[in-house]
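**Student:** Input sequences plus hints: build the corresponding full structure.
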Amino acid sequence: MQIVRKTFEQLSTNQKTALDSHSFFTSTAFSKLWESIGGKPVWWTAEDKDSFTILPGIEFGISKLKRFQAMTDGLYANFVTSQILMDIDCSKEMLTAIGNYEYAKVFIFDFQNQFSYHSIYQIEKLSTILVDITDSEWLPPDKKMQSELRKAERENILIEKFDTAKHMDKFLTLMTETEKRHGRKPKYPEKFYRNLADLSQVDERILWFWCEHDGNPVSSHINFIEQQMLFNWQVFYDKEFSFLKANQKMLYDMVQKYQKGVFRYLNLGASPPDAESLVEYKMKYGGEIYTYQMLTKKNLAGKLL
Numbered sequence: 006m007q008i009v010r011k012t013f014e015q016l017s018t019n020q021k022t023a024l025d026s027h028s029f030f031t032s033t034a035f036s037k038l039w040e041s042i043g044g045k046p047v048w049w050t051a052e053d054k055d056s057f058t059i060l061p062g063i064e065f066g067i068s069k070l071k072r073f074q075a076m077t078d079g080l081y082a083n084f085v086t087s088q089i090l091m092d093i094d095c096s097k098e099m100l101t102a103i104g105n106y107e108y109a110k111v112f113i114f115d116f117q118n119q120f121s122y123h124s125i126y127q128i129e130k131l132s133t134i135l136v137d138i139t140d141s142e143w144l145p146p147d148k149k150m151q152s153e154l155r156k157a158e159r160e161n162i163l164i165e166k167f168d169t170a171k172h173m174d175k176f177l178t179l180m181t182e183t184e185k186r187h188g189r190k191p192k193y194p195e196k197f198y199r200n201l202a203d204l205s206q207v208d209e210r211i212l213w214f215w216c217e218h219d220g221n222p223v224s225s226h227i228n229f230i231e232q233q234m235l236f237n238w239q240v241f242y243d244k245e246f247s248f249l250k251a252n253q254k255m256l257y258d259m260v261q262k263y264q265k266g267v268f269r270y271l272n273l274g275a276s277p278p279d280a281e282s283l284v285e286y287k288m289k290y291g292g293e294i295y296t297y298q299m300l301t302k303k304n305l306a307g308k309l310l
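Residue numbers (the working numbering): 6 to 310.
If you are wondering where the hints come from, they were derived from the structure by calculation, not from laboratory data.
Any given hint might turn out to be false.
What the hints assert, rightly or not - The list that follows gives simulated cross-link-like pairs (lysine-lysine, DSS-like), each with its CA atoms no further than 25 Å apart:
#: 1; residue 1: Lys130; residue 2: Lys71
#: 2; residue 1: Lys171; residue 2: Lys196
#: 3; residue 1: Lys303; residue 2: Lys69
#: 4; residue 1: Lys192; residue 2: Lys71
#: 5; residue 1: Lys192; residue 2: Lys175
#: 6; residue 1: Lys45; residue 2: Lys192
#: 7; residue 1: Lys37; residue 2: Lys11
#: 8; residue 1: Lys71; residue 2: Lys110
#: 9; residue 1: Lys37; residue 2: Lys71
#: 10; residue 1: Lys130; residue 2: Lys265
#: 11; residue 1: Lys190; residue 2: Lys244
#: 12; residue 1: Lys190; residue 2: Lys37
#: 13; residue 1: Lys149; residue 2: Lys289
#: 14; residue 1: Lys196; residue 2: Lys45
#: 15; residue 1: Lys71; residue 2: Lys148
#: 16; residue 1: Lys156; residue 2: Lys289
#: 17; residue 1: Lys37; residue 2: Lys110
**Tutor:** Encoded structure:
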């Protein structure tokens, strides 16, 4: 078995097809999206005759300060294999190769807990909130949440698919103001969001919804379809219009439109440690805390960063 670090140009056609069809997070276009913020997509590949196993990831930094994330921004890693079953020994060898490479830091977010434990990695526990949406008649169990959904119906708010030409300028203002309200600078530049919007035109696994009120931006929800999950990734909103209950309705409407017995979970994502009220809000959708592991490795330079 040979384990190599590949660039996009070095992947075979069969490998690209397998990556693109396996899931959104493993797709080559999603990996290449991170080039707009200085990332370099790479694909760690184990090859043996006609079979292969691939772990996509993103590199940041240069030389001895280079770090590897699978995936970036805490999004989930996934093996893509041409075999019927994942080879445990293969995963161990790949983790060894990645850990022994020139990375100052390695972060692997193992949502499915599929990566075999390896002694050169530290294990940290992370959590997110998952809502079971397998019931075709799904409704948040919280009575107050149900009341808020009825209020949103009475307000007759307009929720539509994000349109770059119509909405991008307003979105950038909404995003910036939301981050400022939380005491943060924008995490991603305009170019990233424009590239993401372009990708949403050709990849239906991006569900970007927009809400306005009297021409004013109210809320933006960026969601991903990741295998059996509807993943609520980024939410930006204007608190001035919280009375409209747009965020609640945007999530509910998405589940009603796309669930159709296909998806098992609505993933509401991780929350900051000090955001107890946010966790309480998410739990009102019927969520449960799901714990998974993050594999980390840092060399001396990485520990000093």
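**Student:** If a hint holds in the structure, say so; if it doesn't, say that too.
**Tutor:** These are the hints, each one checked on the structure:
1. Lys130 <-> Lys71: Holds - the C-alpha atoms of Lys71 and Lys130 are around 24 Å apart, at most 25 Å.
2. Lys171 <-> Lys196: Holds - the C-alpha atoms of Lys196 and Lys171 are around 17 Å apart, at most 25 Å.
3. Lys303 <-> Lys69: At roughly 11 Å apart (the allowed maximum being 25 Å), Lys69 and Lys303 satisfy the hint.
4. Lys192 <-> Lys71: The hint holds at about 20 Å.
5. Lys192 <-> Lys175: Within the cut-off at roughly 17 Å; holds.
6. Lys45 <-> Lys192: Between Lys45 and Lys192 the Cα gap is close to 18 Å, so the pair holds against 25 Å.
7. Lys37 <-> Lys11: 13 Å, holds
8. Lys71 <-> Lys110: 7 Å, holds
9. Lys37 <-> Lys71: Measuring from Cα to Cα gives roughly 18 Å; hence the hint holds.
10. Lys130 <-> Lys265: Violated, because 32 Å separates the two Cα atoms, which is more than 25 Å.
11. Lys190 <-> Lys244: Status holds; Cα separation ~18 Å.
12. Lys190 <-> Lys37: 24 Å, holds
13. Lys149 <-> Lys289: Roughly 9 Å separates the two Cα atoms, so the pair holds.
14. Lys196 <-> Lys45: This hinted pair holds, its Cα atoms lying about 16 Å apart.
15. Lys71 <-> Lys148: 49 Å, violated
16. Lys156 <-> Lys289: 16 Å, holds
17. Lys37 <-> Lys110: 20 Å, holds
In the structure shown, a violation is registered for the earlier hints numbered 10, 15, in ascending order.
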